[in-house]
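First to last, the protein sequences are chains D and Z. So that you can map any letter, position 247 of the first sequence is 247 in the numbering used here, and since no number is skipped, the others follow by simple counting. So that you can map any letter, position 19 of the second sequence is 19 in the numbering used here, and since no number is skipped, the others follow by simple counting.
Derived by calculation from the structure, the hints in this document are not laboratory data. Just so you know, not all the hints are guaranteed correct.
Straight-line distance between alpha carbons at most 25 Å, and here's what the computed SDA-like set of lysine to any residue pairs gives [stated by the list, open to error]:
#1 Lys61/D / Cys51/Z
#2 Lys12/Z / Lys61/D
#3 Lys59/D / Pro57/Z
#4 Lys17/D / Lys12/Z
#5 Lys17/D / Asp71/Z
#6 Lys59/D / Pro49/Z
Covered stretches of chain D, going by a simulated chain Z footprint (3 or more residues, C-beta under 8 Å) [said to hold, decoys possible]:
#7 7 to 19
#8 51 to 65
#9 268 to 280
Virtual Cβ for every residue (Gly too), placed ideally from N, Cα, C.
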Amino acid sequence: MRRALETPKELAFEAAKAALDDAGLTINDIDSVVAVTAPDAFDGVHMNTEYFADGAGAKGKPYMRSYVGGGSGVFGVINGWYHVASGHFDTCLVVAEEKMSSALPHPQGAFNAIYDQFLERPLGVNLLWIFALEMNRYMHTHQVPMETFARVAQKNKRNGMDHPSSQSGISGDFTIQQIMDSEVMAWPVQRLMVSPISDGAGAMVLASEEFVRKRGLSPVWIEGVGWNLDTSYWTDRDLYYPRYVEKAARMAYDMAGVTDPRRDIHVVEPYDPFAYKELHHLEGLQLADKGQAPRLVEEGFWDRDTEVGIPSTPSGGLMGVGNPIAAAGMMKVTEIFWQLQGRAGKRQVKREVRRGLAQAWGDLMQVGTVVILGK
Amino acid sequence: MLDKISKSTELKPWRGNIPIYHRYTLGVAGERFFKALRDHKQILASACPNCRQRFIPPKIYCEACFEETRDWSTVEGPGYIKTFTVLHRSLEEEPLERPVVVALIAWSGVRGGLLHRLGEVDPSGVKTGLEVEPQWAEVRTGSMDDIQFFRPPLNS
Ligand SMILES: [Zn+2]
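Make the full structure from the sequences, and use the hints.
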């Protein structure tokens with residue numbers, strides 16, 4: 001928890017200020033503000049985004065919170081996009097924040113309360129249970145060995161070593177054996193195949209074409225947005241396959257004119273709070289056939305230095321950088337931004353990239369949110 | 001659908017709460033502010049390098065200019081009552097033993113202020129604009145209770 005001291009307001013300010021400085025803009029250039037977090041219970045502040053809105057630069061400006069739980073980091077960018085695309089505002093500052101170290105004895109206590117009060121909560125259910133069940137279903141359906149998930153964790157934790165915001169102790173050059181030997185939390189979910197508890201914030205400035213031209217900025221364009229909600233009953237979902245991610249992706253592909261995602265998407269940041277989730281989401285995003293994402297792991301198709309594949313989570317993701325939930329989704333969008341600008345430094349992927357995709361997952365774990373960026 | 005069940009106590013419930021509690025960190029500005037209260041009986045303000053505005057409680061940024069604040073200083077002299085109320089019921093609506101006066105205390109030239117109790121005053125004598133000073137607690141831990149209450153200056 002590199003940022004355990006800062007308050008939500010202070011985290012928001014640091015991210016918002018860094019985004020403005022990077023764009024060469026000041027707060028006076030900002031016409032509107034969107035702020036997002038996952039459930040308020042983590043920070044322990046009711047109406048958390050309203051509480052930290054001053055740190056997000058919202059004083060005296062049209063401000064809006066948007067909320068789809070863990071999917072909010074990417075959804076905030078979607079909400080900011082329609083602030084600008086509607087023609088109503090020239091600019092929108094989008095700020096995502098989460099401070100999970102405040103929640104005791106464990107943030108999973110908040111997740112317990114998203115499940116059914118009568119059928120499931122009395123059993124002490126939490127996210128680890130539910131996603132251990134989902135992971136097992138995915139493993140069973142496609143006969144995926146544990147080593148494959150360990151390879152995903154290894155890739156992301158290695159990639160995260162090069163991210164300036166990586167949480168201490170999270171990233172590193174772990175061996176497959178070390179990952180396979182890590183503590184079993186809720187079988188088959190193991191300690192080094194799940195993201196940590198984190199504090200953080202991220203921010204992005206969105207602007208209209210006219211504003212960008214007038215100010216001589218060098219932008220990356222939002223080419224497509226999509227989001228979709230599956231049934232609220234987790235028991236009724238496919239489990240082995242995220243249909244909501246497919247629908248969100250197809251919405252974004254249609255808007256971006258992407259007819260062949262495996263040809264047209266050159267770098268991807270799928271939401272990876274669990275190692276299996278990265279593969280699950282890559283299939284939902286139509287970047288691999290059902291059951292094929294694990295096979296492609298073995299070929300190095302998702303590696304940062306791939307020349308023929310699609311590099312996945314070059315940032316290090318939630319497992320390699322950290323998982324301040326909404327801020328982690330924003331971190332994924334900013335990674336695609338840096339990759340397309342060629343400014344990702346040591347994290348820069350080898351292949352040429354003209355278009356990338358960031359995706360998050362959340363709400364009652366049945367929402368998919370997708371943003372496609374292009375040069 | 002239109003049957004009205006008015007006694008929820010007669011229905012079978014499952015009792016629960018969100019099983020979580022919080023440990024809030026004071027933050028960068030809060031650490032300085034509460035340490036000054038505890039160790040030096042001082043009320044700190046921070047100031048914006050751009051518009052020169054001073055803030056209580058201090059923040060690490062000016063929300064108007066969106067610049068990092070740099071200059072920290074102690075507020076001088078008494079504060080004044082910007083507004084106040086007299087409480088007669090508790091949070092749970094129980095009658096209070098005696099009324100409690102709470103006020104927003106401000107300092108001239110400084111934006112913001114502190115919410116606190118007033119002491120050593122007759123509630124009927126409290127007026128907007130009245131000057132007040134902190135009554136420091138003997139034992140201070142770095143919290144708002146390091147100030148027991150605000151009261152009119154002793155020498156006035
Ligand atoms: Zn200022």
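Subject >> Coverage criterion applied to the region 51 to 65 of chain D (partner chain Z; beta-carbon cut 8 Å; 3 residues) >> reply: Result for this restraint: holds, n = 5.
Subject >> Claimed coverage, the region 268 to 280 of chain D by chain Z - three or more beta carbons nearer than 8 Å >> reply: Violated: only 0 residues of the region 268 to 280 of chain D have a Cβ under 8 Å from chain Z.
Original post:
Would you say the region 7 to 19 of chain D counts as covered by chain Z, given the rule of at least 3 residues with C-beta under 8 Å?
Top reply: Satisfied; 6 residues make the cut.
Original post:
Hey, Lys12/Z versus Lys61/D, does the alpha-carbon distance stay inside 25 Å?
Top reply: violated, 48 Å
Subject >> Holds or violated: Lys61/D to Cys51/Z, with C-alpha atoms at most 25 Å apart >> reply: holds, 19 Å
Subject >> Hinted pair Lys17/D and Lys12/Z, Cα distance within 25 Å >> reply: violated, 52 Å
Original post:
Does the alpha-carbon distance linking Lys17/D and Asp71/Z stay inside the 25 Å limit?
Top reply: Status holds; Cα separation ~19 Å.
Original post:
Is Lys59/D within 25 Å of Pro49/Z, Cα to Cα?
Top reply: It holds: about 18 Å lies between the C-alpha atoms, which stays within 25 Å.
**OP:** Starting from Lys59/D, check that the Cα of Pro57/Z is at most 25 Å away, please.
**Re:** This hinted pair holds, its Cα atoms lying about 17 Å apart.
Of the numbered hints given earlier, the model fails hints 2, 4 and 9; all others are met.
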